[in-house]
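Please build the complex by placing chain S on the supplied structure of chain R, with the hints as guidance.
Line by line, the protein sequences are chains R and S. Residue 146 in the numbering used here sits at position 146 of the first sequence; the count goes up by one each step and never skips. Numbers given in the numbering used here equal positions in the second sequence, counted from 1, plus 1000.
Any given hint might turn out to be false.
BS3-like, lysine-lysine: derived pairs with alpha carbons at most 25 Å apart [as the list claims (entries may be wrong)]:
1. R:74 with R:156
2. R:154 with R:129
3. R:74 with S:1170
4. S:1058 with R:104
5. R:57 with R:156
6. S:1058 with R:55
7. R:107 with R:156
8. R:55 with R:74
9. R:111 with R:156
Worth flagging that the hints you see were computed from the coordinates, not collected in a lab.
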Amino acid sequence: MIRFEGVHKWFHNLHVLNDINLHVRQGEVVVVCGPSGSGKSTLIRTINQLEPIDKGKLIVDGMDLSDRRTDITKLRAEIGFVFQQFNLYPHLRVLNNITLAPIKIRKLARKEAEEQAMALLERVGLAEKRDAYPAQLSGGQQQRVAIARALAMKPKIMLFDEPTSALDPEMIGEVLAVMQDLAQSGMTMVVVTHEMGFASEVSDRIVFIDEGIILEEAEPSEFFKAPKHERAKQFLKQVLSPMH
Amino acid sequence: MDLSFDFSVISKNITYFMIGSYPHGRLGGVALTLYLAVASCILSFLGGLFLGMLSVSKFRVIRYSATAVINAVRGIPLLMVIFWMYFLLPALMGRTMPESRTVIAALTIFTSAYMAEIVRAGIEGIPRGQTEAAISTGLHPWQAMFYIVLPQGLRNMVPSFVNQFVSLIKDTSLAFIVGVSELTHVATQINNRTMIYPAEIFFFIAVIYFIICYAFTSLSRWLEKRLAWQKAI
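Chain S extracted, bound-state conformation:
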């Protein structure tokens, strides 16, 4: 059995790996993976924050509805959510829609549910006395949340956020199932065309995913330090 590797398949197709058939065709490869990840990250951060705040609302109807949504989404496989969005979203909107956008919607809904749980725990982790002190000075409860509770809670949430976002980056690979030409999809295409280099190709994209995730983790470590306020003397 011949175990020698030939990585020339990578260098020959490197542009396709990186940006797909852009600029002649659609953007793809690593660039599209990054686009999916960044867009879903930002949207699910906002979605998670919103949903998480609803889930600690003092109004029971809001709290229960938010919790129901969170639990429902968390009980469904991501792949189902992707299929749903792929078939449902164009029907709901009444027009066709780029697949990448339906995938961003799916990733956002899915990740928001997990982010919401992190936000809820982060908010509940701040002592009740902080809110009491804030409203005692005449701040409205939402101002107490915004100026006092969230800034303290968010800092504690950062490590969990990073975890979730790293998962999200890797989950973008599921987009290949609905034909979005991100990195994994591009890799399967090249593999189908060349037939004899699967090990080289899939090893290469594993490294790419690792580099993206590692870069992101390092960035957030740095951010975490920047965010640190003086906790003790």
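Only chain R is shown next, with the shape it has when bound in the complex:
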């Protein structure tokens, strides 16, 4: 579904992605973690080309992102992206946030798009907020609407870039629950997160990245029990018990 082959990326002189090789299969849930500034956000943003790659090969849903002729707009419609800062459209009501792309891109009739949006709002537990503006919602609610907005395009892949990092602690659970539900429905997911509970319970594989290099790739049980790399050990120690 997603295949990185020797992918490199630079920001000026900074080597943010260094020889990334990674394969995400259909239906798999992969968690990407690592210290801040390690390149994990950049990694996930290359998958729908919010960040173009400089070298190597990246194939997503059979389309080659390193090929200039690839219709990237068309590919993005098949990939849902959830941002750390939600990025809901503040001038549109919740319902219209969700129906905009299906109406414009999938050419759904308004009525059909709204029914589908209501079903999604139902699924994330926010049906009663259909007419609210984003600013009237809590962070957790906004993020759930953002997930519904991404799902409205019926994507084949869902990408999450630190979806709970901007949330108050009491709202993290409601967002993770929606994501877990989505994972169980068989969605292919790549998730950048520090939520190690989610990583160990929901993910099929954990990728640990530091300074643009994938240092470790393992099943969660393996990764948490016996991280091989020294930096992974340090990182785990810090996220699991930040006081020490």
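Below, chain S without anything else, positioned relative to chain R:
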């Protein structure tokens, strides 16, 4: 020195002040001022929007050309632009042209450059995440601009637009230099004919300009409130 005023010169010439020699001759006075202002407003809004969007294009050639045009126009006095259009436009079009139209062209070009800067700043003021969210759902970048960025940006641009349009309304008075019989031109004509009432005449047209600008500002305040979406709970 006698400081008494005689405003009867206004009432005697009120029709001429308002509509010029219309319907026997050309439309003039306040009516022509309004016509110049409204036409230039609409055209420069569109021109500014277009030029402003070009100036944030991701294609360097387009972006640089648009910026060059904007900077060039902003570095020229409006009066020069009016002269240019007055002499150039008929030559370019190969036929004579009503002076009022050359003035509308000049005002439009001049104001568009300023509007473009407002539009550019308004677009750049919208967080990058908005565009990213929109294109991530499969919208084309121009759709993201049209449905997401511009509607939010335009609302923030309204106060600056109003400023610019108020300037534009007053700038229509420069049209008198090429013989367009708008309000200021009409006033100079009446003043030349009557000779002894300059204070009354120019005080009167100052009030008229003020009323037009004030009415426009009030209208846009009202519009601004109407456009407000719920920003906070």
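Hints, one by one, checked against the model:
Proposed proximity of residue 74 (chain R) and residue 156 (chain R) is supported: the alpha carbons are some 12 Å apart, at most 25 Å. Straight-line distance between C-alpha atoms of residue 154 (chain R) and residue 129 (chain R) comes to about 21 Å, which keeps the hinted pair within the 25 Å bound. Under the criterion of a C-alpha separation no larger than 25 Å, the hint pairing residue 74 (chain R) with residue 1170 (chain S) is inconsistent with the structure, at around 49 Å. Only pairs whose Cα atoms come within 25 Å are accepted, and residue 1058 (chain S) paired with residue 104 (chain R) is accepted, the gap being roughly 23 Å.
As the CA atoms of residue 57 (chain R) and residue 156 (chain R) are separated by approximately 20 Å, the hinted pair is consistent with the 25 Å bound. In summary, the hint linking residue 1058 (chain S) to residue 55 (chain R) is supported, as the alpha carbons are separated by about 22 Å, within the 25 Å threshold. As the CA atoms of residue 107 (chain R) and residue 156 (chain R) are separated by approximately 18 Å, the hinted pair is consistent with the 25 Å bound. Straight-line distance between C-alpha atoms of residue 55 (chain R) and residue 74 (chain R) comes to about 22 Å, which keeps the hinted pair within the 25 Å bound.
A hinted pair counts as satisfied when its Cα atoms are at most 25 Å apart, and residue 111 (chain R) with residue 156 (chain R) qualifies at roughly 24 Å.
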